[in-house]
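One-letter residues, chain by chain:
Protein chains: 2
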Amino acid sequence: MTTINPSKQTALRTHTCGELNAAHAGRTVTLTGWTDVKRNHGGVLFINLRDLYGVTQIVANPGSPVFKTAEEAKSEYVLRVTGKVTLRPGANANKNMPTGEIEIEADEITVLNASQPLPFELGEHAGVSEETRLKYRFLDLRRPRMAKNMVLRSRLSQVVRNYLYGLDFNEIETPLLTRSTPEGARDFVVPSRNNPGEFYALPQSPQQFKQVLMMSGMDRYFQLARNFRDEELRSDRQPEHTQIDLEMSFVDEQDIARVAEGMMQAIFAHIGEEVSGPFPEMEFSDVMLKYGIDKPDLRYGLEIKDCSEIFKTSGFKVFSETLAGGGVVRAIKGPRAAVFSRGDMDKLTDLVKKAGAKGLVWLRYKDGKWESPTLKFLAEPELAALKTLLEAEEGDAVFLAADKAAVAAPALGALRKELIARLKPAQLKKWAFLWVRHFPLLEKDAEGGAWTFTHNPFTAPLPEEEHKLDTDPGNVRSCQYDLVLNGVELGSGSVRNHTRALQEKIFGLMGYDKTQVQQRFGMIVNAMDFGAPPHGGIGIGYDRLIGLICGTDSIRDVIAFPKTTSGACLMSDAPAILDEKQLKELHLKITE
Amino acid sequence: MTTINPSKQTALRTHTCGELNAAHAGRTVTLTGWTDVKRNHGGVLFINLRDLYGVTQIVANPGSPVFKTAEEAKSEYVLRVTGKVTLRPGANANKNMPTGEIEIEADEITVLNASQPLPFELGEHAGVSEETRLKYRFLDLRRPRMAKNMVLRSRLSQVVRNYLYGLDFNEIETPLLTRSTPEGARDFVVPSRNNPGEFYALPQSPQQFKQVLMMSGMDRYFQLARNFRDEELRSDRQPEHTQIDLEMSFVDEQDIARVAEGMMQAIFAHIGEEVSGPFPEMEFSDVMLKYGIDKPDLRYGLEIKDCSEIFKTSGFKVFSETLAGGGVVRAIKGPRAAVFSRGDMDKLTDLVKKAGAKGLVWLRYKDGKWESPTLKFLAEPELAALKTLLEAEEGDAVFLAADKAAVAAPALGALRKELIARLKPAQLKKWAFLWVRHFPLLEKDAEGGAWTFTHNPFTAPLPEEEHKLDTDPGNVRSCQYDLVLNGVELGSGSVRNHTRALQEKIFGLMGYDKTQVQQRFGMIVNAMDFGAPPHGGIGIGYDRLIGLICGTDSIRDVIAFPKTTSGACLMSDAPAILDEKQLKELHLKITE
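Sequence order for the protein chains is A and B.
The C-terminal position of the first sequence is numbered 655 in our numbering, with every residue numbered one higher than the one before it.
The C-terminal position of the second sequence is numbered 655 in our numbering, with every residue numbered one higher than the one before it.
Keep in mind that a hint or two might mislead.
Just so you know, same-sequence chains aren't split out, so a pair can sit in one copy or run between any two.
In silico lysine to aspartate or glutamate, EDC-like type, Cα no more than 20 Å apart, as pairs [unchecked claim]:
(1) 368 x 357
(2) 137 x 171
(3) 421 x 407
(4) 147 x 82
(5) 410 x 346
Since the hints were derived computationally from the structure, they do not count as laboratory data.
Here chain A stands alone, though its shape is the one from the complex (with noise of 0.2 Å):
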């Protein structure tokens, strides 16, 4: 066998910067890195050379030949040092820095390649606009929180790898030039120089090929899996992302959660967070209701809270009146609310208006009493009532919604949001894990008219509920299920529908008929006619969950060359334009 050599030692290097401490005195050692801080003590000069794994303290006398060299060396100079170990004096040691024990007394200092004056400082707390972050990305990356972003993504790719490797999933790849379908967002397309006048898809998901890989009776499946959806971008989406894809044949529903849940187990473990599993389960329908939205941070109580039959008859019309038009009365309590001002008040209400709701009614329990501008219209018994059932206590305040349904949830939803930013109530735990299950199959489309899938179109309905296709399709739950954590949508999975007729019953619903779904779904359902397994699976999004793990707000934390909201990296000019000579070959011309 090749002698590999364990350790990171190199050509030019023996040690890495982080790597040295007391055991390593008197030995002489060879470094390379960067030129970090420099200082000049009493005419003897300290720089800090830094690597990927740590930094270590270089000294050079003033008498020594290195000196002329390390005094040139600037900022980001790139040194190749030999120098022995050597123990600094205890009071000069630095516990908070792992190689704080020794520093190198350089006898050879090499120049391996200058640098230009930095644009910005590297130093963690330098205000640089992320423009400018974006333009000079390999200087922004020497940055140990960026550097620490991305080994931590790539080590966790091994984690879900060698978890998934466990359970006997294969990783297969599947192609990226693909067939453009109607599947949901809008698809990046590539132009056939060999075929004029066709185009290539770059895939929103593996969707369509891994279900044709349990076709294939791969059984287990995954893939981290580049998407890629032309969309308007936000600060959580950009052209092009990664999901950790799976798809298990012969499953149901549980099947497929339990090895979601190993995963995160596995993931949060290797950061040293315990997770337990199984992790809670919510009908759709109900946490519509309890937080009036569909990807809850469950890490705060302040549940929504429905009060209809408190209202009903009540003497306050704008509650009686919605709860006799089908209306529902929902409330949600501020714990701790009761200080805010009249100001804060209307600028909830604004919030709610906002969300589509009418307006909002509110009260503050102070003293041991109640008040609001509404206090008038209602009856001491619906007080009562509204207390008890929202467990309301002094210094608490009420928040009221009556609307439709539709209406009352997401407005309290928003509210609920806000309520947690201003009142930063107690986490009741760190990583809250919820599995939203059984979304409706289908919705109304935009324009009201066709149904159209809420997730996916290859989305099995509940078996017990697939009857109601020919005669409630609105009201047929499905086999649909999110992964949320914390209050963003980290995956969304299914069992799919596995065979023809079931799948051209519900494409039909959506108003295509079957030669319109040989034409758009030709390769699936054509697998479907061959023997395929029932089947299921989930996309897990992978920036998002790395950025959730290092506390980032925006995923172009962790990716390591991420595109502007419009689209361009600014560091390698991409997109540009084409010569004429490449539009001709590929037989396109551009148009206003």
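Let chain A serve as the given structure and place chain B on it in line with the hints.
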């Protein structure tokens, strides 16, 4: 912790079709899988139920309630079978089958899905066109050989990753929506809707980004990366392919070679093959002399010898005049090739002529003497010296070409390949790795005008030959190396330029002025301005490697969903036309 079942038990099955043996006798199990072979033996039905993991025999007795379902199950029907594990009577046990000791007496059979009649039999040896196989890839992948290729490809990718993680490499995803650069082959491009008239390019490799990662201080990078090339396709080319891509900082050529060798050893150890290292290495110029090709198959000897010395003063003008004109005379021995007929010799002559040579001189050594149409032109001492040099013996043949070295080398290289194919000499080893080193840095481009790079514009010259860039650029050797296995170029890499001055000088020789360098390669030269470390790396073609290991001639057999040579996916019908609305959004028009 959630209990993850380490077996492949799911809601629908207790076991797979590959795991039951005598130890399970008496247990009631539920299996799922596909109806493979079915036989009726004296009224009793035997079904081989197949999944990815194996085949288990199911028995349906005539009187049993399951008999009717078993009778109806046709090829590739998906079944769920519950029954008791029963020992087969000694004589009926099948030792060639891992589950051959047992069978399942079915108590319950459910058809989970039916199948249409198959377009072709799934048996290994069923004759079927590749077109049909690609159209019904979901059936083709159910064939055990194909399934095995996919699983092995997956497992070996994990071997690669574990190996590189063990050496503290980090896997970092580089963008797939990048900028087009004139780096070699034609780019696939992606129109940017947000930036009308501008295009992203799909990367031909992560070359520039991985170098920028080194400049970002990431120290050791790898990626199983998807690469794209819009080229004419062949059996070993696909529009997208996978590369084990790696890069390291502060290294020389040997550091990288050791890492690549260790990776190959880990891969081959996984399939039970030992390959010893370090791998042999040869200068590019030596390889061309001895094998006439830069990726020789060293499983075989058959070395080309230079015999210019022998024929310097030869009476045979073809030889002596070629030598006088600065050409060479080179020879190769065909062991036991004296049996070749005149017709065979004519075919070999055509072959070397097609490769550019003026002709081929051949001699057969039979019954202790030479025979050849050219014999009369050659002197006895010349023949004796030739015999000694080539160690020719009774029954061998000798082939000579006289030409410019640049012509003789590939001509005899092609002949060597043909001799190996015809003579099938004994293999010296099963897996013959070779490093080919020190390719020329530059060569004249096709039009013979400007200098162009031979492999990669970022490759560094050998430090000791850098000074010749000014005086004799065509004779500067580079730090470029190829890894060859059994005559296949597996990978290619180099130590790179890390200073802007040297990189610009090389680009200058290629005819780019500073403005053009900035415009086309701005990202990488800008990063060189800010402390770029010395670095180098390699990219290894993963499809080719797996193809060699799986013993297939076509990389399409180791890719789940490959394209045809015209770039089409016959299963999904990609590429396809776009509708007018999409084209309009992209500001594109199709031209003739």
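I want to check one pair: residue 421 and residue 407. Are their C-alpha atoms no more than 20 Å apart within a copy, between two copies, both, or neither?
Within. Shortest intra-copy distance 18 Å satisfies the 20 Å Cα cut-off; inter-copy 94 Å does not.
Alpha-carbon proximity context of residue 147 and residue 82, limit 20 Å:
within (14 Å within a copy, 60 Å between copies)
If the cutoff is 20 Å on CA atoms, where do residue 368 and residue 357 land: within, between, both or neither? Let me know, please.
within (16 Å within a copy, 75 Å between copies)
Indicate which option fits the pair residue 137, residue 171 if close means a Cα-Cα distance not exceeding 20 Å: within, between, both or neither.
Close inside one copy (17 Å), not across copies (78 Å); limit 20 Å.
How would you classify residue 410 and residue 346 at a CA-CA limit of 20 Å: within, between, both, or neither?
This pair counts as neither: shortest intra-copy Cα distance 32 Å, inter-copy 76 Å.
In this structure, only the earlier hint numbered 5 is contradicted, and the remaining ones agree with it.
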